[in-house]
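S.K.: Residues per chain are reported as follows:
2 protein chains.
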Amino acid sequence: MAIRLSNQDADFETRFSELLAGKREVSEDVDHIVRDILDDVRVRGDAAVLEYTARFDRLDVTDMAELKVSEARVDEAMKQVPQATLDALILARDRIQSHHARQMPKDDRYTDPIGVELGSRWTAVESVGLYVPGGLASYPSSVLMNAVPAKVAGVERIAMVVPSPDGQLNPQVLAAARIAGVSEIYCIGGAQAVAALAYGTDTIAPVSKVVGPGNAFVAAAKRRVFGTVGIDMIAGPSEVLVVADADNDPDWLAADLLAQAEHDAVAQSILITDSADLATAVEEAVERQLKILPKAEIAGASWRDFGAVIVVDDLEQAFPLVNRIAAEHLELAVADPEAMLDKVRNAGAVFLGRYTPEAIGDYVGGSNHVLPTARSARFSSGLSVLDFVKRTSILKCNAENLRQIGPAAIALGEAEGLAGHARSVAIRLNL
Amino acid sequence: MAIRLSNQDADFETRFSELLAGKREVSEDVDHIVRDILDDVRVRGDAAVLEYTARFDRLDVTDMAELKVSEARVDEAMKQVPQATLDALILARDRIQSHHARQMPKDDRYTDPIGVELGSRWTAVESVGLYVPGGLASYPSSVLMNAVPAKVAGVERIAMVVPSPDGQLNPQVLAAARIAGVSEIYCIGGAQAVAALAYGTDTIAPVSKVVGPGNAFVAAAKRRVFGTVGIDMIAGPSEVLVVADADNDPDWLAADLLAQAEHDAVAQSILITDSADLATAVEEAVERQLKILPKAEIAGASWRDFGAVIVVDDLEQAFPLVNRIAAEHLELAVADPEAMLDKVRNAGAVFLGRYTPEAIGDYVGGSNHVLPTARSARFSSGLSVLDFVKRTSILKCNAENLRQIGPAAIALGEAEGLAGHARSVAIRLNL
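Here the protein sequences line up with chains A and B, keeping their order. In case it helps, UniProt numbering puts the first sequence at residues 1 to 431. In case it helps, UniProt numbering puts the second sequence at residues 1 to 431.
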């Protein structure tokens, strides 16, 4: 049973602050292990990758070529996956593509009033490494959500890594890679895979950026290679915040809260409503649905340990709370969601109205499901085409306008004690 | 004397690769010290900040109020700074503002062919902390380059921290803060200042993002608070790459190379030209100018240890090298810089033609001088308005279009073993 708060309670602010401050992740200290693996792969390349793969994934392989997934194996995977799943993946791919195409930033080039030319020019990152977890969290939808924006951006090469412990490889993930247009796939994982992507080996050419979710080893490796390559965000456990008026079917809302909770025992589902009756009805519906949910153990633990139901007098009062929570996913299950949207400042994605369950956004809505967690929507955004392009500034002066703005640059160079800066301008103006 | 390479040399590729791989920064291992400072400030707040400030900045202060810079002190600073410098700062501020205003991303809201509504909505980060180094590297231009884009984005609160060792505070920095519209200023620095901004204290309200350059302690602190707050890039030593044809004044190019070199003994200046004669003339001009440059010791060390002159047969051959170097600053001092610009894939900022010395971009060009260093222009961009806004995805289905795309979401939820996801869609479709 989740906690229940009411903004009428005397201790509401204290308890709400505790809810916000609550840590849901136990950080594993794997940094020193990861450092050694990275150093080893940087020095010994393929040989080190093979050894770690033998040790951690129990694969008896002596040649990296065996770890590269052949086109034939992907063909085979396409046959193994049911047509309905392939069709759903293709629908998802197409919708993600259409939505992300609108995110492509435009170059800007202009001349200012005194004749200085300025501009911003966007180019795609040349190569991207995509980490896909093995085992339970090996999701084909995640392959699409990471690879399709990169393709839309114009990334030429997408190298995917996915561990195959004991040789097990999810054919859905290979099918999704094919559908998304991934260029190469290697059956490696963990810190050694991140190292191979960042530093390169004889077999795997280095990439410029590494994206995708992973366990504590992968996250620590990404933090460490950051700088050598770019990385995406380090995602925490998933979360949903549902804001609901009284006029909702409690079963629908309970299903949404549990869809989030089933991800992970440290996922978090929160309901804010102005109806204490609805709150109670949803709590009861959650308990009923937990009886039939296959992942009831995980979802039940998440709901019990991190779930929360917050009753407010008036939904107007929900918005300061919504913006402090800064949820990854925010559902507005209310009569006029548009009016409420204007009050939302911090959220990864907003799902408007009663017919937009968050799971639509996970799969086929078209928007990205890689979103800022752990209140980071206060300062960051979901994955987008912008993560796969970079901007170059352009500046062009001529002799005349350099004469107009140059003296100010000389003044600032001198004020900052950088005479060489001042001189590089002055010398062109015969000053 | 910088190294000289020619692409005619048999060992060119090896030596060029070595140049690329060269480490210019000695990473100081201050991480455990920084961890303790962060933990201490998180727990003890103002009291800890006061103690570290007393210890590291030798300030005998017992009340945080004394570390808050008053409006009167800023008024005083405005009087101390020469009018020519103030005028130059105001010109720079206005030009930075105009350029960055064009970077503001536009909201997007649309309905797709089946009636699903989608969108992207941009909002400003609410509060930003701006770190400004004390001592030598305390540059007013850096205050403008960090604060103005935040103001343009709509950030409501900009809290600046700047250490004042022994009570010394650069009035130019205070003047720049006033001119840029900084909201509050505290005379604190180091990891304790980053902690105060990220976690908040009784005196300093926490911010959502911390930006600005700093020493190894500040960089380590920023890495550690990342997640609790957003951070900008961790900048490395500065660098310039000048591509020049034969038709250049060697003194101008030498001045540009030295303007970069004077920043730091680990800065890097590289010249690529198709004229061996120009190369020699520039090398000689550098030596001549070093005799009169105030910061000759720093600039000379940088040029000797990290400078490079690369002669190519033909400037066409420069571009694969330019894109591998991925310089922070790239000058195209050639007859037709526009034609060359099309071949540039990786660069932080490009300065076109003979009349655009890089120093113009440092101060008054209007583009940002916070740019990706150490080859990170392969995957990242300079500071911009985008660093101070975040995007929320919007999705809205109705009963009809949920019926169209919902079954694909159900199929994928089931394929991924997430029955709760499937159920949250199915329950709305009576499936």
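The reader is advised that the hints may include incorrect statements.
DSSO-like mimics (lysine-lysine), calculated; alpha carbons at most 27 Å apart, straight line [said to hold, decoys possible]: (1) B:K79 / B:K68; (2) A:K79 / A:K68; (3) A:K343 / B:K106; (4) B:K79 / A:K106; (5) A:K106 / B:K68.
Hints listed in this document are in silico derivations from the structure and should not be mistaken for laboratory results.
S.K.: Can you confirm whether the C-alpha distance between A:K343 and B:K106 stays at or below 27 Å?
M.R.: This hinted pair holds, its Cα atoms lying about 18 Å apart.
S.K.: Within 27 Å, alpha carbon to alpha carbon, are A:K79 and A:K68?
M.R.: holds, 19 Å
S.K.: Between B:K79 and B:K68, is the straight-line Cα distance small enough, at 27 Å or below?
M.R.: This hinted pair holds, its Cα atoms lying about 19 Å apart.
S.K.: Within a Cα-Cα threshold of 27 Å, do A:K106 and B:K68 meet the stated pairing?
M.R.: Violated. A:K106 to B:K68 sits at ~42 Å, over the 27 Å cutoff.
S.K.: Assess, step by step, whether the Cα of B:K79 is no farther than 27 Å from the Cα of A:K106, and give holds or violated.
M.R.: It is violated: about 43 Å lies between the C-alpha atoms, which goes past 27 Å.
Checked against the numbered hints given earlier, this structure breaks hints 4 and 5; the rest are met.
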